[in-house]
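In the order they appear, the protein sequences are chains A and B.
Numbering-wise (our numbering), the first sequence opens with residue 288 and increments by one.
Numbering-wise (our numbering), the second sequence opens with residue 15 and increments by one.
Do not take every clue at face value.
In silico BS3-like pairs for lysine-lysine, Cα to Cα no more than 30 Å straight-line [stated by the list, open to error]:
(1) B:K35 with A:K575
(2) A:K582 with B:K162
(3) B:K123 with B:K162
(4) B:K250 with A:K495
(5) B:K250 with A:K546
(6) B:K238 with A:K445
(7) A:K294 with B:K27
(8) B:K206 with B:K281
Stretch by stretch, here's where chain A covers chain B in the computed footprint (C-beta under 8 Å, at least three residues) [what the hints assert, rightly or not]:
(9) 187-194
(10) 229-235
(11) 286-300
(12) 308-321
(13) 423-430
(14) 434-448
Derived by calculation from the structure, the hints in this document are not laboratory data.
Heads up, the beta-carbon is just placed ideally off N, CA and C, and yes, glycines get one too.
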Amino acid sequence: MLTYIVKRFLIFIPTLIVITLLGFMISVNAPGDPVERMVSAAESGDALNSQTKNQQEQAQYWTHKLGLDLPVFYVSLSSFAQSDTLHKIYDRNEREALDRLISKYGNWKEIQTYYQQLNVFDELQFTATADSAILHGPDRNKILDQITAIKSETIQLKASYEDVIIQNKFKEIEQMLQMYPFFAGAQQQLKSVQESYEQIIATASPWKNYIPQLNFYSNNQYHRWLFGDGGKFSKGLLRGDFGISYTTKEPITEVIFSKIGWTLFFSILSVVLAYFVSIPIGVRAAVKRGSHADKVSSLLLFVLYSMPAFWLATLLLITFANPDVLHWFPASGVKPVTGYEEGVGFWNKVRASLPYIVLPAICYTYSSFAFLSRTIRVSMLEVLTQDYIRTAKAKGLNDKQIIWKHAFRNALFPIITVFGSVFPAVIGGSVILETIFTIPGMGSETINAIHTNNYPMIIAILTITSMLTLIGFLIADILYALVDPRISYK
Amino acid sequence: MSIEKENNSKNFKGAWIQFKKNRMAYYCYKILIFLTVLAVIAPFLATDLPWYCKYKGTRMFPAFSFSNNCELKDPQNGQTERIQYDIADWKHMDAEQIVFAPIVYSPSKSDYDNSDYVGPRDKQVFVTSDGKTIDMPIRFRHWLGTNKAGEDVLSGLINGTRVSLLIGILSMSIASLIGIFLGGLAGYCGDKKLHNSRGVCWSMTLGLVIAFYYGFFMRSYFLKDAFSVSNSEALKQVLISGIIFSMVLFLFFIVGKLLERIPVLAKQIYIPVDSIISRIIEILISMPLLILIISISAIAKEKSIVNVMIIIGLTSWTGIARLTRAEFLRITTLDYIQSAKALGFKERRIIFRHALPNAIAPALVAIAFGVASAILTESALSFLGIGVPPDLVTWGSLLNSGREKFQAWWLVVFPGLAIFVTVTVYNLLGEGLRDALDPRLRE
């Protein structure tokens with residue numbers, strides 16, 4: 288048995304790898320720039336240069352911390368013309384512009400020079416050569432405005448890749464620089480930027496783009512995401528570190544740990560309840576096949592089965608948690624708004640929470656309950672027509688013995704196998720139910736994360752719920768082995 | 015050949031007769047037809063545009079017209095007046111003749127006089143053109159009330175039928191195409207059928223990478239730009255990429271065939287199709303579907319109903335694939351396939367003429383259940399406000415708007431009922447199909 292469990296675990300590994308890959312693919316393709324989100328709004332202050340400088344440094348810091356300056360994956364396909372250091376540029380727009388330039392001209396060396404010149408130009412202190420008298424004179428605001436305009440033009444230039452646009456930007460910046468004499472130094476630099484751009488066109492070698500190249504990286508974003516970077520910024524998913532939340536900058540693992548409790552509580556409670564209630568009902572319906580009770584329960588179960596959980600939940604809320612109709616239960620939360628009273632024991636806490644739990648528990652349970660009862664009924668019906676049941680009857684055994692000892696044990700297999708599908712359904716359903724009942728669990732956290740574009744959280748939840756599902760499968764397998772003596776799993 | 019065809023049609027006829035005997039399923043089939051008709055005619059049935067209007071001597075058919083405006087010429091003074099259909103105030107127009115649609119409201123247009131949750135039995139008001147507030151004329155009543163913005167619930171329900179049925183049918187078409195293809199492939203080929211020489215396998219593996227490079231990687235910016243220009247441009251570029259891709263791949267195939275002549279490379283390699291596909295299915299089912307769909311729709315750049323359909327379709331084919339696979343596995347061992355093989359029929363003929371028609375029946379059942387769950391998933395998504403554009407009125411979004419105010423029971427009961435009925439109909443239909451197609455259950 289133990290070897291079987293170990294084997295099963297080993298089979299999970301490739302599945303898990305693919306799941307993490309999928310999660311990683313989703314997070315890489317997520318729209319928006321994570322660095323931009325992490326860089327806090329710049330502090331106010333009129334020192335424009337230092338402000339942008341500060342932002343850039345922050346951006347660089349976060350890029351490094353989130354590992355975005357690494358290549359994406361172990362293997363990458365690129366062209367012979369492309370550089371393997373392009374991924375170090377942290378600004379997405381700039382990176383794309385450079386990449387497009389490469390795919391057009393194919394000479395990375397010259398493009399690199401151009402980019403470096405452009406950076407030098409961007410970092411110039413425009414006012415360094417200026418007379419302090421002018422700077423503090425009446426034109427001060429005008430000059431600062433001008434500098435801001437030039438800066439923004441430069442940023443746009445960095446992100447442009449079409450020849451016409453780049454030439455245009457050159458012209459515009461040149462005109463702006465001519466406004467004040469102390470911009471002369473900057474003009475010089477612009478000249479060299481222009482020269483390096485012309486160099487790109489002059490030495491273009493687009494043929495290089497037609498040669499494919501495979502690159503291998505031992506240190507990459509995926510690797511770092513899985514294994515961490517030696518504990519500097521991230522410990523890696525395998526050690527339980529899912530990164531930091533984009534919204535609160537807290538470690539995601541902590542957030543999930545504080546939320547997973549309620550989700551697990553409701554899922555496990557509902558599955559256990561569903562099994563306990565459905566077994567007697569399903570068996571009874573099968574034994575009294577065709578009777579009135581069977582027909583009524585069949586219909587009722589079917590209705591329950593196709594009832595959308597969010598509809599039932601909302602209906603329950605507007606009838607039983609509505610001050611105008613019946614106010615038996617509170618409408619949201621899992622415990623009193625004021626929290627538990629201080630120093631109360633466990634059972635008192637349970638008592639305080641009980642009214643909050645009733646409605647969600649019903650909604651969590653009913654659909655798997657209906658599904659299970661129907662499954663049990665069908666499998667019992669099939670077993671009851673078997674020859675050995677007739678033999679047992681002929682032997683003179685009483686009904687109770689036949690049903691529970693002979694028939695039920697054999698009818699158990701299908702309901703054990705469906706455990707593997709009931710459990711993920713319950714976890715997935717928690718997304719809706721937790722939102723409706725405002726339960727502070729993983730489901731409502733998912734919705735929060737979606738609405739705030741908090742991708743690391745979404746991926747973490749996807750990965751964790753998948754792992755829980757896999758564990759559910761494992762439990763189903765083990766139970767199967769326990770019930771069925773024919774299976775030895777060797 | 016003709017016997018076999020007859021047999022097939024007989025089989026389906028028998029199933030149909032059996033299906034008709036199941037009264038419940040047959041009623042559901044009829045309800046489904048009704049819902050489909052409703053979905054098709056919904057934009058004409060529930061719209062604030064009148065079907066027919068005669069105003070100042072000009073006849074108009076706003077609800078059926080493709081253009082959005084009409085020029086009126088006053089016969090007395092020759093002045094022209096322009097009426098824009100979608101913003102004209104039809105209810106207050108003193109037209110000579112006007113015929114409204116049965117439901118006189120459009121789903122996403124507000125009736126400001128009856129906004130802020132007016133119930134079906136509450137007092138509804140109508141402001142006449144001279145500014146007097148009177149009781150709502152029975153013709154203009156909101157039969158199922160309004161929501162906070164004053165949008166008519168009944169109209170939203172009728173137009174929501176469209177979205178729901180479309181989601182169900184289109185996403186399941188995608189899912190069944192993938193599911194039947196992959197399931198059939200896995201079941202029919204197994205692990206030991208599909209094989210090729212080492213030369214071809216290795217050459218094709220390399221060829222895939224190279225073809226991807228020339229077809230898609232090098233053209234990635236062309237494709238990206240084309241997508242931002244227009245859909246037809248994008249389609250064109252994707253087509254070009256596809257052609258390049260397949261041409262390069264074909265080239266490598268020929269190279270592989272040539273390499274086969276070298277004895278070392280002529281050794282056969284078996285491709286474990288069944289294992290690969292089964293693994294993929296296993297991985298997909300181990301992710302909670304709703305969370306997976308939510309995660310994927312989070313990265314979709316724009317919210318659109320088409321995206322939701324595609325995402326649901328791409329993630330819910332596993333059930334169909336598993337059933338088709340099992341059925342193919344069973345069928346390929348049956349005598350008639352063996353004899354077809356013995357007769358020397360081509361593979362293609364065996365698969366499409368003999369195996370597929372028999373394997374498709376269980377898949378049909380899974381598809382019916384799949385439609386139900388796709389509708390449920392979509393309404394859950396729009397209930398949560400994820401993936402579906404906010405201005406689109408669907409059953410789920412109507413139901414969600416009822417959550418803000420518990421007194422507005424009509425916003426909860428009716429949309430929920432619509433979802434429930436549709437889902438139940440598809441589920442019952444699936445059960446009916448299953449019973450009808452299973453010969454063991456036939457009387």
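Earlier hints that do not hold, by number: Those not satisfied are hints 2, 5, 7, 9.
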